[in-house]
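One line per chain: the protein sequences are A, B, C, D and E, in this order.
Sequential numbering from 21 applies to the first sequence in this note's numbering.
Sequential numbering from 21 applies to the second sequence in this note's numbering.
Sequential numbering from 21 applies to the third sequence in this note's numbering.
Sequential numbering from 21 applies to the fourth sequence in this note's numbering.
Sequential numbering from 21 applies to the fifth sequence in this note's numbering.
Hints listed in this document are in silico derivations from the structure and should not be mistaken for laboratory results.
Treat the numbers as computed from the prediction; the structure is a model and nothing was measured.
Among the hints, a few may not be true.
Any copy, or any two copies together, can satisfy a pair, since identical chains are not distinguished.
Simulated crosslink set (SDA-like; lysine to any residue; CA at most 20 Å straight-line) [said to hold, decoys possible]:
| hint | residue 1 | residue 2 |
| --- | --- | --- |
| 1 | Lys229 | Arg163 |
| 2 | Lys272 | Arg283 |
| 3 | Lys229 | Ser271 |
| 4 | Lys234 | Asp246 |
| 5 | Lys234 | Arg72 |
| 6 | Lys236 | Asp73 |
| 7 | Lys234 | Glu143 |
| 8 | Lys229 | Arg72 |
| 9 | Lys272 | Pro241 |
| 10 | Lys234 | Ala198 |
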Amino acid sequence: MEVKSITEQKSLLATLSPGKRARLRRLLFDYGPGNGTLMLLPIDQGIEHGPRDFFPNPASKDPEYQFRLAAEAGYSAIACQIGLATRYYPDYAGQLPLILKLNGKTDIPPSDEALSTTNASVEDAVRLGADAVGYTLYVGSPRQDADLLQLKGVRAECERYGMPLVVWSYPRGAAMEAKGGRDSFYAIDYGARMAMEMGADVVKLNFPKFDPEKDKDSPAPYNEMDVTPEEAVRQIVESAGRSLVVLSGGSKTDDETVLAHTRTIMEAGGSGVIFGRNVWQRDWDEALAIIEQIKASLLANVRRTP
Amino acid sequence: MEVKSITEQKSLLATLSPGKRARLRRLLFDYGPGNGTLMLLPIDQGIEHGPRDFFPNPASKDPEYQFRLAAEAGYSAIACQIGLATRYYPDYAGQLPLILKLNGKTDIPPSDEALSTTNASVEDAVRLGADAVGYTLYVGSPRQDADLLQLKGVRAECERYGMPLVVWSYPRGAAMEAKGGRDSFYAIDYGARMAMEMGADVVKLNFPKFDPEKDKDSPAPYNEMDVTPEEAVRQIVESAGRSLVVLSGGSKTDDETVLAHTRTIMEAGGSGVIFGRNVWQRDWDEALAIIEQIKASLLANVRRTP
Amino acid sequence: MEVKSITEQKSLLATLSPGKRARLRRLLFDYGPGNGTLMLLPIDQGIEHGPRDFFPNPASKDPEYQFRLAAEAGYSAIACQIGLATRYYPDYAGQLPLILKLNGKTDIPPSDEALSTTNASVEDAVRLGADAVGYTLYVGSPRQDADLLQLKGVRAECERYGMPLVVWSYPRGAAMEAKGGRDSFYAIDYGARMAMEMGADVVKLNFPKFDPEKDKDSPAPYNEMDVTPEEAVRQIVESAGRSLVVLSGGSKTDDETVLAHTRTIMEAGGSGVIFGRNVWQRDWDEALAIIEQIKASLLANVRRTP
Amino acid sequence: MEVKSITEQKSLLATLSPGKRARLRRLLFDYGPGNGTLMLLPIDQGIEHGPRDFFPNPASKDPEYQFRLAAEAGYSAIACQIGLATRYYPDYAGQLPLILKLNGKTDIPPSDEALSTTNASVEDAVRLGADAVGYTLYVGSPRQDADLLQLKGVRAECERYGMPLVVWSYPRGAAMEAKGGRDSFYAIDYGARMAMEMGADVVKLNFPKFDPEKDKDSPAPYNEMDVTPEEAVRQIVESAGRSLVVLSGGSKTDDETVLAHTRTIMEAGGSGVIFGRNVWQRDWDEALAIIEQIKASLLANVRRTP
Amino acid sequence: MEVKSITEQKSLLATLSPGKRARLRRLLFDYGPGNGTLMLLPIDQGIEHGPRDFFPNPASKDPEYQFRLAAEAGYSAIACQIGLATRYYPDYAGQLPLILKLNGKTDIPPSDEALSTTNASVEDAVRLGADAVGYTLYVGSPRQDADLLQLKGVRAECERYGMPLVVWSYPRGAAMEAKGGRDSFYAIDYGARMAMEMGADVVKLNFPKFDPEKDKDSPAPYNEMDVTPEEAVRQIVESAGRSLVVLSGGSKTDDETVLAHTRTIMEAGGSGVIFGRNVWQRDWDEALAIIEQIKASLLANVRRTP
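Isolated chain A, as found in the complex (with noise of 0.2 Å):
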């Protein structure tokens, strides 16, 4: 199947208003690998699935390795909740650009109808000199009505303050499991789209999972669909349009597998990556080390200049 844009991808930069355009300029330019790229680390763990994924490494319990390594690293951005942004972030401010997550949950209680409500302000970001905001969109949740309404509040706010907005557009509930699951094509695809539609300047999504059997369970025509991941990464980045696409890791994998989905998601025309596992859950000399490697394969596949 052959995907045709009918244009050129236009610069998602000349739609922004000022304050949004400054602001993420900065990330893509002036911090991490630069020439339009972004490279995010995300400390959200411990407030999603709790103190156990610091156990691997146990010097990442301590909020204060992941902004340093970040600091020293060169990242583009840090995305943290509230309570560490407060704590952890002034010695950093001024040298590592902020994204501060607005909402989030623990893993406690099933994700049937999963709704993150937020937790902090489009306002608390400016106070703290943040240059983004995120915010997770539950897609196809039975709650997605609260969950859309909140969303629609951030987005105003982000355009009152010129404020970017990332948005973690996460497919999740019953209902979406039984066509196909939360990592499925059908999902990452639907997820891409709504996330753009709903005004997202930056939207994060997972690389998607192939199960023949699952897969059955999609919507026509994913449901027939015969594709290569490669293939799949970029029709997804196509339904984000204009917005642009960081694709995340989930649980610590191999590097091979790091390094490939880094190409994978520039080649398809993605902005850069968000791995937080995958990077601090290796003491500092080993996160050092896959952070060059990451970095010089987002440098060397850049397709598109936002």
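Based on these hints, arrange chains B, C, D and E on the given structure of chain A.
Same frame as chain A, now just chains B, C, D and E:
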């Protein structure tokens, strides 16, 4: 059965505030086919159904396709959500009127208790230079309480800013399905009246379907009526009173049906059509061809000048 | 059983603020039959039941029918929702008082947990030049918590603007059905008191129905009472205290019943009637004929001047 | 079991703001029996139970009966909802203090998840010249979350306007019933503490009932306590701390019980009584007679001057 | 397992706004044992459990007991709800710091879906001269969405007024019970991190309990860990990062346990203790005696000066 109107149909525009009148006249007379007709292009399927609707014509996945099509083919307006309006409308501002759709949802969870919360505001529409807003009302949903209350706020803002209100009036929910289904004459007729009673300036309705088995479950007298589709549409337009009516098309069908529906709605006193997939699931030249025919049909069958 | 009132019925108008008094006097004395009576024409069936109520008299589908009827026959006021008030009332402004109905719902889902949210505001009523607002309270519904809270806001706005409040006091819900049903003497009597306690200036009630089988389920002493309908209505009017009472008619019945109910409510100390289908489901001349008889009956049986 | 207080009971009035003190002193000293006592007449049964409570004394159906009774018999205050306060209180303004009850509900649906939303505001009370507001708190209801949040708003408004807050503290809900029931010593004792902790100036409590079978289900040590009713009431008054306590009567009982309860609450350090049906379900002369006896008992047994 | 911190523990106070720093320093250095420790006296059991907690020491039923005890024994602060703060704190204002607890609930309904709504505001705390506010967060409850959103508002107000925020971080709910229970190392560790991430200045935690059977249900690696209680507490304190940690005691236990827990929390880098029933369920002299020992232990084991 003969339906008589006590008075000749009064001008809708006569009862509108200056702001609403100025904006609606623009759609009816300055853009599109003109002469009081409405030819609207909806591109909200990416949120309502996901990217799967774009596969039959891969070019349509890029929203630029629909925007350019609407502008070049001379549409009365394009209707889309906030994300597209923010990123794709700027290039067409001043050349193509915009209807900002204010609510929407994915179709991933079941629609037994359908409710679309707003993801954008009337103020967003004003800021973007839109000439109308769109709102989806799920008539008969168990959550009509939340829906009607939300619509109240949208309508009040429309009055405040002189913004025309287009209501996508969609019968939904388990109780509706038990009374003949969402597409029955009963359902569509109720939807038409409901939207008008709630203050819609324009009502978007689906073409009713007749199913002898299911229609028996509709309340009297619908359960025993034997009317032609043309007569049903005529009555539905009457139920919408002084609100303008546009008919929508649903999934892609053949040319004859598209044109027949166009003729039917116009002969019934409606104001136009809002076909999406039936248009942009075609490639560029085919799309332009059918649009020309629709336009001709609209102009040839005007019964009522608003 | 003899019910004694410790004082002669005090004037309701005496306790009203100037704004409420000015507007209510207009309905009671300047329009309609006058002499302190209320003859109200409701046209909210299009939302509460859908267009099916208009088929017996197809002309009634056009709201112009009811507006013209109310104006020409000399009604105290017409009661309708925001859509009709916006599009059909302007031609009659200054010639026919308007009661803007603020809430409503379709009858598509079951009414076990009935709640009508507002779709218009008291401020809308002020803007439209209305002389009163209407509110449907579902007495005994499991959602009475939301209902009473919402009514609080409406009542407060009515006090703020000097706008009379008419409460459609309707017993509803599964628990109500288990205690004798929505039309029982117990139910209507409770509804009358409830509306008065919540601050209604005028209470709209249904005529109670007696059903020996179901009445046994009412709480004492209703389950053992043996009263005539006339006596029941008299007690219900007493339960409404210093609120005015108008009786509604429900579905279409014969002339004798209409006129008997009119006489009964007036002899019981009520202030008038609000018949809809019983009037406008007739053709024009028949409608005018029954209206004249109702009007005569109202004026002939005034027991209490407000 | 001996309960000792570390300090002598401190004056409640000493901790009140000037506005609360001025208003509460009026009830305690200027009206009613005086000498720091409270004799309150509630007339909220019309909403809580419906008109059925008025049948034993038909004259009581007219609210004028209770207002005149309260004024002529010299009550400390009358407590009622907004409707009665608006229509019946004006004639007594300046002659009889008013406690405006802010929330309430019908008893038609079951009370497993009881919650009374507000139907009037503290501002209404100020406007009407009331000297206190009343709030029903359903202690232990599964909806305590909504209840306590709502009470927070009422309390804050009371502080803003210097308006005394009377809490009807009623144990309710399925869980409460499973722990000995709403009238158990455990339930009433918890209710007393809860109301005081939430900021009540006056707490209205029911007389506890003892039922050896059900009391076994109360938590320790209540499930094994063997106390006299007098001792229980004394402890309950202690649990209310520096809040004043008034005891309510419930359904009509004999004179001896009424007077015994009055004596018990006063000897326990309470401040008075709030008997409704026990008073106004009697005819005029009988009502005045029992009121005189209650008043005498109140004055004869004052243990604590507020 | 060894947990290393990349940096020496940084001063918490260094990241606080002037208002928070001024108030928190007062508790840490000017009152209580001083030297950066916190000895807090909670008296919220009257709402959380009811008066039953007061029976072991009847004198404790009078809140004056706890207030006088806290003042005379030299506590860092007393923590209570709005009712006690309003009526009992005035005599101690300026002599004993106050932590106003903002939310709470009875324990009558089950805690499967625990949520404590606020019954007082940060503004109340400011008005009363409090030096901190307390908030109970039910970590892992299915209603975490409402809880976190509510906490957002409290935190924002704390920042606005420079008011320190103490979070009672309590794992709760059916899902939590299925993963090892509310007192497991996993649960408490998650609670510590969660409170810090949400912006707590001080976190109140329960002492973890070890139960080999239930711990198997905790997520990895907790389900297989074999750590001493001391090590677990040390890790929990680490999880709270730069938030101060105080350990609570729960129901009354023996002196040795009280003192051992005090030593454990201090050696782990915590800042103090908050024992309620373990102190005020003793009579006056016994209470003073154990307080002296706790105080000595706190001062003897300071590891970290805030």
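Query raised in the report: Under a CA distance limit of 20 Å, which applies to Lys229 and Arg163: within one copy, between copies, both, or neither?
Result: neither (25 Å within a copy, 31 Å between copies)
Query raised in the report: Between Lys234 and Asp246, at a C-alpha cutoff of 20 Å, which is it: within one copy, between copies, both, or neither?
Result: This pair counts as within: shortest intra-copy Cα distance 13 Å, inter-copy 39 Å.
Query raised in the report: Checking Lys234 and Glu143: alpha-carbon separation at most 20 Å within a copy, between copies, both or neither?
Result: neither (42 Å within a copy, 43 Å between copies)
Report task. Could you place Lys272 and Pro241 in one of the four classes (within, between, both, neither) given a Cα distance threshold of 20 Å? Result -> between (32 Å within a copy, 15 Å between copies)
**Report entry** Intra- versus inter-subunit Cα pairing at 20 Å for Lys234 with Ala198
**Finding:** within (8 Å within a copy, 28 Å between copies)
**Report entry** Status of Ser271 relative to Lys229 across identical chains (alpha carbons, at most 20 Å)
**Finding:** Intra 14 Å, inter 29 Å, cutoff 20 Å: intra-copy only.
Requested in this report: Using 20 Å as the alpha carbon limit, work out where Lys229 and Arg72 are close: within a copy, between copies, both or neither.
Outcome: between (25 Å within a copy, 18 Å between copies)
Query raised in the report: Quick one: Lys272 to Arg283, C-alpha cut-off 20 Å, is that within a copy, between copies, both, or neither?
Result: within (17 Å within a copy, 38 Å between copies)
Query raised in the report: Given identical chains, is Lys236 near Asp73, meaning Cα to Cα at most 20 Å, within a copy, between copies, both, or neither?
Result: between (33 Å within a copy, 18 Å between copies)
Query raised in the report: 20 Å Cα cut-off: does Lys234 pair with Arg72 within a copy, between copies, both or neither?
Result: between (29 Å within a copy, 17 Å between copies)
In terms of the numbered hints stated before, the structure departs from hints 1 and 7, listed from lowest to highest.
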